[in-house]
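K.L.:
Sequence:
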Amino acid sequence: MNPYKEIENEILNASHILITAHKSPDGDSVGSSLGLLHFIERLGKKAVIGHPDPAPEFLQWLEGIDSILYMERDGEVLKNHFQKADLIFCLDYNATDRVGPEMQQLLKSTSAKKIMIDHHLNPENFVDITVSATEVCSTAQLIYELIEQSGHADLLSEKIGTALYLGILTDTGSFRFPSVQPRTHEILGKLLGAGVSHHLIHEQLNDNNTVARLQLQGYAMSEKLEILDSCHAAIISLTEAELTRFKAQKGDTDGLANLALSIKGIRIAVCLYEKEGKIKMSFRSKGQENPVNILAEEHFDGGGHANASGGISELGMDATLKKLKTLLPVYYKSDK
Numbered sequence: 001m002n003p004y005k006e007i008e009n010e011i012l013n014a015s016h017i018l019i020t021a022h023k024s025p026d027g028d029s030v031g032s033s034l035g036l037l038h039f040i041e042r043l044g045k046k047a048v049i050g051h052p053d054p055a056p057e058f059l060q061w062l063e064g065i066d067s068i069l070y071m072e073r074d075g076e077v078l079k080n081h082f083q084k085a086d087l088i089f090c091l092d093y094n095a096t097d098r099v100g101p102e103m104q105q106l107l108k109s110t111s112a113k114k115i116m117i118d119h120h121l122n123p124e125n126f127v128d129i130t131v132s133a134t135e136v137c138s139t140a141q142l143i144y145e146l147i148e149q150s151g152h153a154d155l156l157s158e159k160i161g162t163a164l165y166l167g168i169l170t171d172t173g174s175f176r177f178p179s180v181q182p183r184t185h186e187i188l189g190k191l192l193g194a195g196v197s198h199h200l201i202h203e204q205l206n207d208n209n210t211v212a213r214l215q216l217q218g219y220a221m222s223e224k225l226e227i228l229d230s231c232h233a234a235i236i237s238l239t240e241a242e243l244t245r246f247k248a249q250k251g252d253t254d255g256l257a258n259l260a261l262s263i264k265g266i267r268i269a270v271c272l273y274e275k276e277g278k279i280k281m282s283f284r285s286k287g288q289e290n291p292v293n294i295l296a297e298e299h300f301d302g303g304g305h306a307n308a309s310g311g312i313s314e315l316g317m318d319a320t321l322k323k324l325k326t327l328l329p330v331y332y333k334s335d336k
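Read in the UniProt record's numbering, the sequence shown has 80 at position 80, and its numbers run on one by one without any break.
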């Protein structure tokens, strides 16, 4: 059976639908959540979105984002929705630990039918229906496939399309990653045909910088950038004190790894920033011959896509930097 048709049947038969996504939401998790919500509404059904924590400020312009419930703010209300739900969507994550401990417990204890729609490697078996397409660039693209392949392309709207375009745009680095397929551009064309103003989305994402964020980026590039010529790698590290100095808000460090990766000759970029005693890490790379997910998974309790992954360290900044600088020449040889 067409899995998308099966998902449509589950939506139509459900009485209480909950849409979830991973902790530290990005454009894809937010875009796919809102795109699915608006599609469900076009089917004549209702749904609720529940995320572990809020999206960064630069995503707050999306229509419908103010309706999202957050575990860290709306915990009791969200728990009630978990208890009442008979259908739960698990979007853009492949393991229950990606949603944080509180939501993870709620996912494990619920008797609701669960549907995963995701594109990350190695999905865990914790759902009833799985759509896992690791070759696809974004979960937002899979939500589009749900709409079209369930026979409802006619329900596509500007509101749905804007959310999905955002998800595809952000998870492909503005369509630069190898995961972009001919099908991706076909879908983008159909989203534009539905009335999406792509230039306005780019403006919302790229032309809403605060002075503090730009100052932080300038400081990071001028004072905290390190180049490892032997393995064509760039590293940026920011302590909690430095982030406080620049009044950094959630999302202000997003894009720093890509900025470092844009340097001529650089193939690997890692951004490290300190938060609540832990070192969060963002890995980016160019080319299929330079995957960063393996390094993140094997040494920094992380993982993700071949060219875009995350990790975490509890060693402290100095020790983490020392470990990273030791590992980079091992994983990425200078003759590549």
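Keep in mind the hints are simulated off the structure, nothing from the lab.
Nothing here was measured: the structure is a model prediction, and the numbers come from that model.
The reader is advised that the hints may include incorrect statements.
Said to hold, decoys possible - Cut-off 30 angstroms, straight-line C-alpha distance, at most; resulting in silico cross-link-like pairs (DSS-like, lysine-lysine):
{"id": "1", "residue 1": "Lys84", "residue 2": "Lys108"}
{"id": "2", "residue 1": "Lys247", "residue 2": "Lys190"}
{"id": "3", "residue 1": "Lys84", "residue 2": "Lys224"}
{"id": "4", "residue 1": "Lys190", "residue 2": "Lys224"}
{"id": "5", "residue 1": "Lys113", "residue 2": "Lys45"}
Claimed, not checked - If you anchor each label on the Cβ, the simulated ranges turn out as follows:
{"id": "6", "residue 1": "Gln83", "residue 2": "Gln288", "range": "43 to 49 angstroms"}
{"id": "7", "residue 1": "Gln249", "residue 2": "Ser174", "range": "29 to 35 angstroms"}
{"id": "8", "residue 1": "Asp74", "residue 2": "Asp229", "range": "46 to 52 angstroms"}
We put the beta carbon where it would ideally sit given N, CA and C, even for glycine.
K.L.:
Against the structure shown, which of the earlier numbered hints fail to hold, in ascending order?
P.N.:
2, 3, 4 and 7
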